[in-house]
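S.K.: Protein chains in written order, with the working numbering: chain A, 138 to 250; chain B, 17 to 128.
The hints are simulated quantities; they were obtained by calculation from the structure and are not laboratory data.
Please read these numbers as outputs of a predicted model, since none were measured by experiment.
Every residue, glycine too, gets a C-beta built ideally from N, C-alpha and C.
There may be inaccurate statements among the hints.
[Stated by the list, open to error] Mimicking DSSO-like on lysine-lysine, the simulated pairs with C-alpha atoms at most 30 angstroms apart in a straight line are:
id: 1; chain 1: A; residue 1: 205; chain 2: B; residue 2: 87
id: 2; chain 1: B; residue 1: 86; chain 2: A; residue 2: 208
id: 3; chain 1: A; residue 1: 179; chain 2: B; residue 2: 73
id: 4; chain 1: A; residue 1: 174; chain 2: B; residue 2: 73
id: 5; chain 1: B; residue 1: 30; chain 2: A; residue 2: 242
id: 6; chain 1: A; residue 1: 205; chain 2: A; residue 2: 159
id: 7; chain 1: A; residue 1: 195; chain 2: B; residue 2: 30
id: 8; chain 1: B; residue 1: 73; chain 2: A; residue 2: 159
id: 9; chain 1: B; residue 1: 30; chain 2: A; residue 2: 159
id: 10; chain 1: A; residue 1: 208; chain 2: B; residue 2: 87
id: 11; chain 1: A; residue 1: 242; chain 2: A; residue 2: 194
id: 12; chain 1: B; residue 1: 25; chain 2: A; residue 2: 208
id: 13; chain 1: A; residue 1: 245; chain 2: B; residue 2: 86
id: 14; chain 1: B; residue 1: 87; chain 2: A; residue 2: 174
id: 15; chain 1: A; residue 1: 249; chain 2: A; residue 2: 205
id: 16; chain 1: A; residue 1: 179; chain 2: B; residue 2: 30
id: 17; chain 1: B; residue 1: 86; chain 2: A; residue 2: 205
[As the list claims (entries may be wrong)] Computed spacing ranges between beta-carbons, pair by pair:
id: 18; chain 1: B; residue 1: 112; chain 2: A; residue 2: 139; range: 17 to 27 angstroms
id: 19; chain 1: A; residue 1: 177; chain 2: B; residue 2: 60; range: 17 to 27 angstroms
id: 20; chain 1: A; residue 1: 208; chain 2: B; residue 2: 32; range: 35 to 45 angstroms
id: 21; chain 1: B; residue 1: 88; chain 2: A; residue 2: 207; range: 33 to 43 angstroms
id: 22; chain 1: A; residue 1: 219; chain 2: B; residue 2: 55; range: 43 to 53 angstroms
id: 23; chain 1: B; residue 1: 69; chain 2: A; residue 2: 177; range: 28 to 38 angstroms
id: 24; chain 1: A; residue 1: 249; chain 2: B; residue 2: 35; range: 16 to 26 angstroms
id: 25; chain 1: A; residue 1: 154; chain 2: B; residue 2: 112; range: 33 to 43 angstroms
id: 26; chain 1: B; residue 1: 72; chain 2: A; residue 2: 153; range: 25 to 35 angstroms
id: 27; chain 1: A; residue 1: 153; chain 2: B; residue 2: 96; range: 28 to 38 angstroms
id: 28; chain 1: B; residue 1: 85; chain 2: A; residue 2: 188; range: 32 to 42 angstroms
id: 29; chain 1: A; residue 1: 207; chain 2: B; residue 2: 75; range: 38 to 48 angstroms
id: 30; chain 1: B; residue 1: 88; chain 2: A; residue 2: 192; range: 16 to 26 angstroms
id: 31; chain 1: B; residue 1: 30; chain 2: A; residue 2: 209; range: 43 to 53 angstroms
[Said to hold, decoys possible] If the Cβ cut is set under 8 angstroms, some of the chain B residues that face chain A in the computed set are:
id: 32; residue: 26
id: 33; residue: 61
id: 34; residue: 67
id: 35; residue: 68
id: 36; residue: 74
id: 37; residue: 76
id: 38; residue: 77
id: 39; residue: 99
id: 40; residue: 100
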Amino acid sequence: GENVEQHPSTLSVQEGDSAVIKCTYSDSASNYFPWYKQELGKGPQLIIDIRSNVGEKKDQRIAVTLNKTAKHFSLHITETQPEDSAVYFCAASVWGSQGNLIFGKGTKLSVKP
Amino acid sequence: NAGVTQTPKFRVLKTGQSMTLLCAQDMNHEYMYWYRQDPGMGLRLIHYSVGEGTTAKGEVPDGYNVSRLKKQNFLLGLESAAPSQTSVYFCASKRTGYNEQFFGPGTRLTVL
């Protein structure tokens, strides 16, 4: 079955710097890759996703890139702010299927003011 | 709309006790999921449902049972709790044809 590896497990940056979180997946059938943000004491919330027919997607300060050949995808956050501090999870799935997501183990991002 | 709600928010059980966690959604979603979240392990799928009256096993189903008698509710049961089931449990739902899952706020369960 699918296996998703996520790195790093913790990341600390200064406010205004960029942050990059990387994930790799094992199943070439996976074609949908969402990123979820989990704030303390809350459930995860989708922040951006990408399908395998595109290589990059951007939404304001966040972007996701996908390399199908290497089976890896990354989350990029620019101009980080203290409110970006949270745990971020990547996941992989097959688009249009039952939607069963396989999650990475998470990255705790801390943005220092 | 309340979205996805979970009851209770916290619970402490003794080994061998049973309990039921309730998930409710008011978005008329067909799909519902139960996950557990453990430190350093991410979210792992326990059971899921693709519609009223249907359930299926996820990655880590052992020790849990589920029921979906009504479309808006998804129940997770622990028949005989074990310390290994100490975790934070999240429910999620999604609409047919869409991939975004909407998560509830979680239930923190401790089994002594």
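S.K.: Please go over all the hints and tell whether each is borne out by the structure.
M.R.: Status of each hint after checking the structure:
Of the supplied pair hints, the one linking residue 205/A and residue 87/B is violated, its CA atoms being roughly 37 angstroms apart against a limit of 30 angstroms. Note on residue 86/B and residue 208/A: the hinted pairing is violated, with a Cα-Cα distance of about 39 angstroms set against a maximum of 30 angstroms. In summary, the hint linking residue 179/A to residue 73/B is supported, as the alpha carbons are separated by about 25 angstroms, within the 30 angstroms threshold. Taking the CA atoms of residue 174/A and residue 73/B, the gap is about 25 angstroms. The hint holds against a cut of 30 angstroms.
For the given pair, residue 30/B sits about 28 angstroms from residue 242/A by alpha-carbon distance, which is consistent with the 30 angstroms threshold. Distance check on the hinted pair: residue 205/A and residue 159/A sit about 14 angstroms apart at the alpha-carbon level, within 30 angstroms; holds. Taking the CA atoms of residue 195/A and residue 30/B, the gap is about 48 angstroms. The hint is violated against a cut of 30 angstroms. Proximity of residue 73/B to residue 159/A is assessed by CA-CA distance (about 29 angstroms); at most 30 angstroms being required, the pair is judged to hold.
For the given pair, residue 30/B sits about 40 angstroms from residue 159/A by alpha-carbon distance, which is inconsistent with the 30 angstroms threshold. Among the hinted pairs, residue 208/A with residue 87/B is inconsistent with the structure: their alpha-carbon atoms are about 36 angstroms apart, more than 30 angstroms. At most 30 angstroms may separate the alpha-carbon atoms for a hinted pair to count; residue 242/A and residue 194/A meet this at roughly 23 angstroms. Simply put, residue 25/B and residue 208/A have alpha-carbon atoms about 38 angstroms apart, too far for the 30 angstroms limit, and the pair is violated.
A hinted pair counts as satisfied when its Cα atoms are at most 30 angstroms apart, and residue 245/A with residue 86/B does not qualify at roughly 37 angstroms. For the proposed pair residue 87/B and residue 174/A, the alpha carbon gap of about 27 angstroms is at most 30 angstroms, so the pair holds. For a cut-off of 30 angstroms, the pair hint linking residue 249/A to residue 205/A is broken: about 33 angstroms separates their Cα positions. Proposed proximity of residue 179/A and residue 30/B is supported: the alpha carbons are some 26 angstroms apart, at most 30 angstroms.
For the proposed pair residue 86/B and residue 205/A, the alpha carbon gap of about 40 angstroms is over 30 angstroms, so the pair is violated. For the hinted restraint 17 to 27 angstroms between residue 112/B and residue 139/A, the CB-CB distance of approximately 22 angstroms keeps it satisfied. Range check, residue 177/A to residue 60/B: Cβ separation about 20 angstroms, and the 17 to 27 angstroms hint holds. A hinted range of 35 to 45 angstroms for the beta carbons of residue 208/A and residue 32/B is consistent with their spacing of about 44 angstroms.
Against the hinted window of 33 to 43 angstroms, the Cβ-Cβ separation of residue 88/B and residue 207/A comes to about 42 angstroms, which satisfies the hint. Between residue 219/A and residue 55/B the beta carbon distance is about 23 angstroms. The supplied range of 43 to 53 angstroms is therefore violated. Separation of residue 69/B from residue 177/A is about 36 angstroms and conforms to the stated range, judged on CB atoms against 28 to 38 angstroms. A C-beta distance of roughly 41 angstroms is found between residue 249/A and residue 35/B, which places it outside the suggested range of 16 to 26 angstroms.
Residue 154/A and residue 112/B have their C-beta atoms about 41 angstroms apart, which keeps the hinted 33 to 43 angstroms range intact. Distance hint check: the CB atoms of residue 72/B and residue 153/A are about 46 angstroms apart, inconsistent with the given range 25 to 35 angstroms. At roughly 52 angstroms, the beta-carbon separation of residue 153/A and residue 96/B lies outside the given 28 to 38 angstroms, and the hint is violated. Roughly 34 angstroms separates the CB atoms of residue 85/B and residue 188/A, a value that falls within the hinted 32 to 42 angstroms.
In this structure the hint that residue 207/A and residue 75/B lie 38 to 48 angstroms apart at CB is violated, the actual value being about 25 angstroms. Under the hint 16 to 26 angstroms, the C-beta atoms of residue 88/B and residue 192/A, about 39 angstroms apart, miss the expected range. Taken as a hint, the range 43 to 53 angstroms holds for the pair residue 30/B and residue 209/A, whose Cβ atoms sit roughly 45 angstroms apart. The closest approach between the C-beta of residue 26/B and any C-beta of chain A is roughly 11 angstroms, which is over the 8 angstroms cut-off, so the hint fails.
Hint status for residue 61/B relative to chain A: holds, with the closest Cβ pair at about 6 angstroms, below 8 angstroms. At about 11 angstroms, the closest approach between the beta carbon of residue 67/B and any beta carbon in chain A exceeds 8 angstroms, and the interface hint on this residue is violated. Interface restraint check for residue 68/B: the shortest CB-CB distance to chain A comes to about 15 angstroms, outside 8 angstroms, so the restraint is violated. Hint status for residue 74/B: holds, given a least beta-carbon distance of 7 angstroms to chain A, under 8 angstroms.
Using the Cβ-Cβ criterion of 8 angstroms, the hint placing residue 76/B at the interface with chain A is not satisfied: the shortest such distance is roughly 12 angstroms. Given hint, residue 77/B at the interface with chain A, is violated; its Cβ is 13 angstroms from that chain's nearest Cβ, farther than 8 angstroms. A least Cβ separation of about 22 angstroms between residue 99/B and chain A goes past the 8 angstroms threshold, and the interface hint is therefore violated. The closest approach between the C-beta of residue 100/B and any C-beta of chain A is roughly 18 angstroms, which is over the 8 angstroms cut-off, so the hint fails.
Of the hints listed earlier, those the structure fails to meet are numbers 1, 2, 7, 9, 10, 12, 13, 15, 17, 22, 24, 26, 27, 29, 30, 32, 34, 35, 37, 38, 39 and 40, in rising order.
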